[in-house]
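Mapping of the sequence shown onto the working numbering: position 8 corresponds to residue 8, and the numbering continues sequentially without gaps.
Quick caveat, the hints were computed from the structure, so don't treat them as lab data. All C-beta atoms, glycine included, are put in the ideal place defined by N, C-alpha and C.
Here are the simulated distance ranges between beta carbons:
1. 28 with 7: 13 to 21 Å
2. 17 with 37: 40 to 48 Å
3. 38 with 15: 33 to 41 Å
4. 38 with 2: 14 to 22 Å
5. 3 with 28: 19 to 27 Å
6. 17 with 38: 41 to 49 Å
7. 31 with 11: 15 to 23 Å
8. 2 with 23: 20 to 28 Å
9. 37 with 15: 34 to 42 Å
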Amino acid sequence: MTMLAQYTCELYTKLEEETGQATGFKQNGSISVAPGIKNVLKN
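Start from the sequences and build out the full structure, keeping to the hints where you can.
Below is the structure:
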């Protein structure tokens, strides 16, 4: 995960508790992006 994606996920996970406002956030999964076709074929 990029640092920004990780930060965002952590932020939304605790945002409702910290603010008292409902966010409706539900983490259902994630997407990984390979920087090139060679990296896709590694797995």
